Amino acid sequence: MSKPTDIRLIETATDTQYIKYRVPMKFGGRVVTDVVLLNVTAVVECRDGRRGVGRGSMTMGNVWAWPSAAVSTEKTLTAMVDLGQRLASAAPDNALWGHPLELTHEWSSRYAAEAAEVCRRLGTEEPMPRLAQLVAASPLEAAIHDAYGQALGENSYNLLSADYCNRDLSAYLSAEFAGEYLDRYTLRTPKPSMPLYHLVGALDPLSEVDLSRRVGDGLPETLAEWIIADGLTHLKIKLAGDDLKWDVERVIGVERVAAEVQARRGCSRWCYSADFNEKCPNVEYVLDFLAEVRRRAPAAYERLQYIEQPTHRNLKAHPENRMHRAAELKPVVIDESLVDFESLLLAREMGYSGVALKACKGHSEALLMAAAAQKYGMFLCVQDLTCPGASFLHSASLSARIPTVAAIEGNARQYCPAGNRGWEDRFPTMFRVRDGSLGTAVLVLPGLGFHQGQSE
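Going letter by letter, the sequence shown gives residues 1 to 456 in my numbering.
Don't read these hints as lab results, they were simulated from the structure.
Here the structure is a predicted model, which means the values were calculated and not measured.
Even for Gly, the Cβ is constructed at its ideal location relative to N, Cα and C.
Each hint should be verified, as a subset may be incorrect.
[Said to hold, decoys possible] In silico SDA-like cross-links for lysine to any residue, where the CA-CA straight-line distance does not exceed 25 angstroms:
(1) Lys20 to Arg47
(2) Lys279 to Gly49
(3) Lys279 to Val339
(4) Lys20 to Ala441
(5) Lys26 to Lys191
(6) Lys191 to Tyr181
(7) Lys191 to Leu244
[What the hints assert, rightly or not] Simulated restraints, written as ranges between beta carbons of each label pair:
(8) Glu225 to Ile10: 29 to 37 angstroms
(9) Ala178 to Glu154: 52 to 60 angstroms
(10) Asp217 to Ala299: 28 to 36 angstroms
(11) Pro24 to Arg426: 37 to 45 angstroms
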């Protein structure tokens, strides 16, 4: 059944932005020094004639989404940008009407074929992974959801009920979601403030003794300086996954610095997450890591909130990588593995107890996976892909609107703050950390919550 609020996409435009990192970031054995943003503008029209202009922006994180020994990073980046532009150009369709969930669900079935054509034309040595396809398509998805809210003059998170959606969640997930809509799994107003997870990259200096040379741009340059400047209480630690001694020593080193600085600040409560970026060979490595940290630094072990994607992202190819024993100790969340509902179900079977949501996998996908994770009682977190500016605000809006998510991840202020220029003045509470937290109450504008005056 159609609704007067149904939309069609009538026009799109794309552009890219290159940003060089102020300092390199290392994760999963890989080093990143710059980023390319793909930006999409979309114009939609409702059945009743109202129009809205929406915008989506996302980092094309090819090093993360398409790590390859066969295809150069230059070529994977080119392919992902080309796919994003190709999808945006082909999406306008006068015959396709519906809610943004319906439109993006329909288009997602075309990603693989379009990606194959891009790879054929560029001569890549392997197909584009599904994760890379989702990242490339995500700015278009964001622009559609944003434009929908702009057309109706409402925040997009408040347009997810049966009043606006033609299909319930069973159309996208499974029969057990019959009669349910996303308004059941999202908040009508954002949480007023949320703590920020600060990234401790594998190359990041912890204290002055780790610095060989200062950047000298006025920003903090060591973990100790960042904690003092921003009052940090949440630290995400990037680990190697193939060097147990280094991983344990890194956590102990972070705990040593954090404990000293937090004591000076009078702060007694802070926490960590540990991200292996799928480099651990097996669950035994994770168990050994936890046992060693617990033995040598029991306070750090107690502060550890969750473990992220310890083993290979291809769950089907590695059925031996079951996480039940580790998940009995700490929540273990999937990240790179999560590309659809089927992968979430498989992860649950394999013992994963949590889900890491990312705006870069698509706004619709993030909302649907958030609903499924909540229904199944799984631990939930939202992470970014070192997203600056609008892409960070998009990621933060998900964190602020999903009930069980407790913190925001935001790395761009550390590695590519140039991408935040202009946005900092418009949304100071979202870019200037106070007592370790960001003020998310401002994310209430029409659309995704941070664009203004774009209806037609």
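Results of checking the hints against the structure:
1. With a C-alpha separation of about 43 angstroms, the suggested pairing of Lys20 with Arg47 is violated against the 25 angstroms cut-off.
2. Pair hint Lys279 plus Gly49 does not hold up; C-alpha atoms about 51 angstroms apart against a cutoff of 25 angstroms.
3. Between Lys279 and Val339 the CA atoms are separated by roughly 19 angstroms; this keeps the pair inside 25 angstroms, and the hint holds.
4. Note on Lys20 and Ala441: the hinted pairing is violated, with a Cα-Cα distance of about 30 angstroms set against a maximum of 25 angstroms.
5. For a cut-off of 25 angstroms, the pair hint linking Lys26 to Lys191 is broken: about 31 angstroms separates their Cα positions.
6. Taking the CA atoms of Lys191 and Tyr181, the gap is about 20 angstroms. The hint holds against a cut of 25 angstroms.
7. Restraint check for Lys191 and Leu244: the C-alpha separation of about 38 angstroms exceeds 25 angstroms, so the hint is violated.
8. For Glu225 and Ile10, the Cβ-Cβ distance of about 49 angstroms falls outside the hinted range of 29 to 37 angstroms, so the restraint is violated.
9. Separation of Ala178 from Glu154 is about 26 angstroms and departs from the stated range, judged on CB atoms against 52 to 60 angstroms.
10. Our hint of 28 to 36 angstroms for Asp217 and Ala299 holds, since their Cβ atoms are close to 33 angstroms apart.
11. Roughly 29 angstroms separates the CB atoms of Pro24 and Arg426, a value that falls outside the hinted 37 to 45 angstroms.
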